[in-house]
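Student: All chains should be modelled from the sequences, with the hints used to inform the complete structure.
So the protein lines, in turn, are chains A and B. Once you know that position 116 of the first sequence is 116 in the numbering used here, the rest is easy, because the numbers rise by one and skip nothing. Once you know that position 158 of the second sequence is 158 in the numbering used here, the rest is easy, because the numbers rise by one and skip nothing.
Treat the hints as calculated values from the structure; they're not laboratory data. A few of these clues could be false.
[Unchecked claim] Calculated pairs, EDC-like style, for lysine to aspartate or glutamate (alpha carbon to alpha carbon, straight line, at most 20 Å): (1) A:K13 to B:E135; (2) A:K321 to B:D90; (3) A:K195 to A:E251.
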Amino acid sequence: MRRFIYEISESWKIAVAQMGSNKMRSTLTALGVIIGIVAVTLMGTAISGISIGFDKSMAIFGDDVLYVGQWPWKRVDDWWNYRDRKKIKTEYAEPINRMIAATPRSNLTVAVPTSSVYRSVKYGDGEVNNVLVRGTVSDYVITSTFDFKEGRFFNELESRGGANVCVVGYDVANALFPSASPLDKSVLINGQPFKVVGVISRQGTFLGLFSLDSIVVMPLPAFQKYFTAKSEADILVKVTDKTKLAEAKDELIGIMRRVRGLSPEKKDDFSINEQQALKSTLDPIKNSIAIAGLFITGLSLFVGAIGIMNITFVSVKERTKEIGTRKALGARRRTILLQFLIESTALCLLGGFIGLALAFLMCFLIGVGFPSFPVHFSTDLVVVSMVVSVLTGLIAGFAPAWTASRLDPVAALRYE
Amino acid sequence: MESFDEALNIRPHGRSVIEIQDITKRYVMGEEIVHALRGVSLRIHRNEYIAVMGPSGSGKSTLMNMLGCLDTPTSGHYQFNGKNVAEMDDNELAEIRNREIGFVFQTFNLLPRSTSLRNVELPLIYAGINPETREEMAARALQKVGLADRMNHKPNELSGGQRQRVAIARALVNNPSFILADEPTGNLDSKTGGEIMGLMETLYQQGHTIILVTHEADIARHARRTVHLRDGLIESDDYLPLMETEFVISSP
Ligand SMILES: Nc1ncnc2c1ncn2[C@@H]1O[C@H](COP(=O)(O)OP(=O)(O)OP(=O)(O)O)[C@@H](O)[C@H]1O
Ligand SMILES: [Mg+2]
Numbered sequence: 001m002r003r004f005i006y007e008i009s010e011s012w013k014i015a016v017a018q019m020g021s022n023k024m025r026s027t028l029t030a031l032g033v034i035i036g037i038v039a040v041t042l043m044g045t046a047i048s049g050i051s052i053g054f055d056k057s058m059a060i061f062g063d064d065v066l067y068v069g070q071w072p073w074k075r076v077d078d079w080w081n082y083r084d085r086k087k088i089k090t091e092y093a094e095p096i097n098r099m100i101a102a103t104p105r106s107n108l109t110v111a112v113p114t115s116s117v118y119r120s121v122k123y124g125d126g127e128v129n130n131v132l133v134r135g136t137v138s139d140y141v142i143t144s145t146f147d148f149k150e151g152r153f154f155n156e157l158e159s160r161g162g163a164n165v166c167v168v169g170y171d172v173a174n175a176l177f178p179s180a181s182p183l184d185k186s187v188l189i190n191g192q193p194f195k196v197v198g199v200i201s202r203q204g205t206f207l208g209l210f211s212l213d214s215i216v217v218m219p220l221p222a223f224q225k226y227f228t229a230k231s232e233a234d235i236l237v238k239v240t241d242k243t244k245l246a247e248a249k250d251e252l253i254g255i256m257r258r259v260r261g262l263s264p265e266k267k268d269d270f271s272i273n274e275q276q277a278l279k280s281t282l283d284p285i286k287n288s289i290a291i292a293g294l295f296i297t298g299l300s301l302f303v304g305a306i307g308i309m310n311i312t313f314v315s316v317k318e319r320t321k322e323i324g325t326r327k328a329l330g331a332r333r334r335t336i337l338l339q340f341l342i343e344s345t346a347l348c349l350l351g352g353f354i355g356l357a358l359a360f361l362m363c364f365l366i367g368v369g370f371p372s373f374p375v376h377f378s379t380d381l382v383v384v385s386m387v388v389s390v391l392t393g394l395i396a397g398f399a400p401a402w403t404a405s406r407l408d409p410v411a412a413l414r415y416e
Numbered sequence: 001m002e003s004f005d006e007a008l009n010i011r012p013h014g015r016s017v018i019e020i021q022d023i024t025k026r027y028v029m030g031e032e033i034v035h036a037l038r039g040v041s042l043r044i045h046r047n048e049y050i051a052v053m054g055p056s057g058s059g060k061s062t063l064m065n066m067l068g069c070l071d072t073p074t075s076g077h078y079q080f081n082g083k084n085v086a087e088m089d090d091n092e093l094a095e096i097r098n099r100e101i102g103f104v105f106q107t108f109n110l111l112p113r114s115t116s117l118r119n120v121e122l123p124l125i126y127a128g129i130n131p132e133t134r135e136e137m138a139a140r141a142l143q144k145v146g147l148a149d150r151m152n153h154k155p156n157e158l159s160g161g162q163r164q165r166v167a168i169a170r171a172l173v174n175n176p177s178f179i180l181a182d183e184p185t186g187n188l189d190s191k192t193g194g195e196i197m198g199l200m201e202t203l204y205q206q207g208h209t210i211i212l213v214t215h216e217a218d219i220a221r222h223a224r225r226t227v228h229l230r231d232g233l234i235e236s237d238d239y240l241p242l243m244e245t246e247f248v249i250s251s252p
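Tutor: Below is the structure:
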């Protein structure tokens, strides 16, 4: 055991000396690994960035909310069966809530209708286009995950009476009120004034596709009065216990069938959706992006590994006589194997360190330059890239080290 | 054989530690088969001083490699300290090379980028000796060969004779029974060669067994026993008469 440790420490010294005396060659060889590690690390940060963004986007749906809609949140091959379904109406919220109240120990808490359009929002000279204007009730706030930057959500009284009040998203507030607080100011939508009672804090984007902060929320009666008489809607239903989501879903299906008056032999003509379902449809996509990305960048690491293997073979060849001498002095096969494995590993680790430092720098610069770009540099990544470097070194160095360890001592000593 | 040795009473006594019988070594080179050794038998005791002579290509180096457990015979029997070498695995052979045998090469074979001290330490690393003891032992070995002031020099900062002395220090640092030297003076001028032979003599006096290959009768004269090889066979195996041996020992 002790001998093993001495052999390892000796091999380290040799490896370091070897790199030191072949600086140019070592650097060029390590370059392959450096590029590989930079590529893999950047891809890793991008993937974990995307993944975090994805989870954040998913989180806004809430994991304890069911969505009643016409369409399921997954790809359907028979879309024509869904197209002709009856629309979901805001009015459904009332009978659903009644049935929830009538059910003892219901798995559902409250149903909230929402209905949305896109409109411009104005204040003074300022105007924001394509803002999602949503009408709902005061209970909406229970089903949502957002916080308030300032102010509050509209209360039940305002909600019922259809008061001209609204809550604005972060982007809308920033665009229209760059310096002052929007609270108690009135913004114009479709020429109608709505008094701002609250500002939602920043939500970011949904999968980087569109901003979640470009939104205005108002009481449903006001919404229906000024924007659309049609009562097409999504119904959000909050569940009591998110661990009993399946039971809650069954209960809601039963309620919806009664609302729709479906006889038992008829199929559901609505869809109950949830965050989890969306996740499970999007996860495979996310994963295949990650795998493809890692595979492509992994190729560059592979090329780097080949460089390491090559240079280790060269090193073995050059030092054949030295290998013979060492064997004559009592080096075992294991000793020689270890020596060259450590040499290739040291080279890879050097490349790994430099690569990691470069990747870190690049992540930092990207973070400063493009704050919205999803990069996430984690300590996991440091560990992973070190492990990857070591593994690369071991794998790349194995064939040459094995060859070296098997050299016939006499032949090696004769080698010129 | 044993009784013959004892009867004449002119050879070193002690347990026979190397015994080879009918050793052959063949090399196949394409169509051609080279018989480097054709059936060599030798018995080497502790604290002998043997010169192996013979024309070029007669199999001297091949024999040395065999004795040093670097090479395995094509046929024949080799016993080292009573153990059958053919039955040893690579690790056991490495162990014997490390502890029992010290090699000295014609081309020195020092590690070019390491200092004398590090070069001499090498066998001790493989023996699993701790760093402090290692350095101490290496320094002592270098002192023995008169290079106490060259410990931190690298091979390219040393003369040929000094390099060979480093190599000898490396060979004896583990205090092996055998020192195997294949033409140790082959790359040196005669004066430096003489110094190296003086060193060998000292090691012999200290109890090591020395086996050296040489072309030069002058060098061979230092030995107490001379084995002549020709075409892979032992042509003669002569012991110096006792008186002459004593004469050599007493002469400076
Ligand atoms: N690896 C090998 N492959 C083929 N033939 C070999 C090999 N090693 C040695 N030989 C042959 O075996 C014979 C003996 O070689 P060896 O090196 O033992 O001779 P030597 O007595 O040491 O000669 P020299 O005095 O020139 O060093 C030679 O004919 C040589 O060509
Ligand atoms: Mg020879």
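Student: Are the hints correct? Go through all of them and say.
Tutor: Evaluation of the provided hints:
1. About 16 Å separates the Cα atoms of A:K13 and B:E135, which keeps this hinted pair within 20 Å; it holds.
2. Taking the CA atoms of A:K321 and B:D90, the gap is near 19 Å; set against the 20 Å cutoff, the hint holds.
3. Our distance criterion of 20 Å between C-alpha atoms is broken by A:K195 and A:E251, whose separation comes to about 38 Å.
Consistency with the previously given hints fails for number 3 only.
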